[in-house]
Amino acid sequence: GDSVTQMEGPVTLSEEAFLTINCTYTATGYPSLFWYVQYPGEGLQLLLKATKADDKGSNKGFEATYRKETTSFHLEKGSVQVSDSAVYFCALSDHTEKLVFGKGTKLTVNP
Amino acid sequence: SQTIHQWPATLVQPVGSPLSLECTVEGTSNPNLYWYRQAAGRGLQLLFYSVGIGQISSEVPQNLSASRPQDRQFILSSKKLLLSDSGFYLCAWSVAASSYNEQFFGPGTRLTVL
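Going down the list, the protein sequences come from chains A and B. Reminder that position 53 of the first sequence reads as 53 in this note's numbering, one-by-one numbering, no gaps. Reminder that position 111 of the second sequence reads as 1111 in this note's numbering, one-by-one numbering, no gaps.
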């Protein structure tokens, strides 16, 4: 079946550092891909999405490109802030009613 | 715009007691609805989803059940809670028959079973 693998972390960075969180997937067909963010004690928020190969999703300085050749959707940000500290989830939709989530990556940004 | 509500926000219950968590969505019709559980330090586990009133699909057999008595209302229940039911319960919705199925999450309910 479909699956999502992401680096589990935790990841600890200093403010203004470059962030990469790796995400790879296994799916038949052409899934849609998502990154969600969960701040402490809150629900998940959709951060960005890409619905076809080579699409780049972007939001709040975060970017991810849908790479079909490497089945990847890595999350990047050029300069992280303390307020970016959260858990990040990669997910895919194979166009059924369900999403398949990765296990989440906890990011801590220190001042 | 659409909003999703969950209550209560936090709950502390003794082992063996019943449970009822409620989720409602506003601003949309005939959404798909979902219940997830997130144990401490763990990922998301899909418990139930529903594509319409009275239609419930169970992903994990356990002592929990779900019901959808109205189009935009989704309820998670248990007759007797176990210690292992502790966790963060998240409700989510998506547009029915969407090509992309992006889901939108509620604020969650923190359940502690003692």
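Don't read these hints as lab results, they were simulated from the structure. It is possible that some hints are incorrect.
Stated by the list, open to error - Calculated cross-link-like contacts (lysine to aspartate or glutamate; reagent style DMTMM-like; alpha-carbon spacing at most 20 angstroms):
no., chain 1, residue 1, chain 2, residue 2
1, A, 49, A, 69
2, A, 60, A, 2
3, A, 98, B, 1102
4, A, 49, A, 84
5, A, 52, A, 97
6, A, 98, A, 16
7, A, 98, B, 1071
8, A, 56, B, 1102
9, A, 60, A, 94
10, A, 103, B, 1059
11, A, 49, A, 16
12, A, 52, A, 63
13, B, 1079, B, 1059
14, A, 106, A, 16
15, A, 52, B, 1102
16, A, 49, B, 1026
17, A, 106, A, 84
18, A, 98, A, 15
19, A, 103, B, 1102
20, A, 103, A, 16
21, A, 106, A, 76
22, A, 52, A, 69
23, A, 77, A, 16
24, A, 60, B, 1102
25, A, 60, A, 76
26, A, 98, B, 1059
27, A, 52, A, 76
Just so it is clear, the structure is predicted and the values come from calculations on it, not from any experiment.
Legend entry - Ascending list of hint numbers which this structure does not respect: 2, 6, 9, 11, 16, 18 and 20
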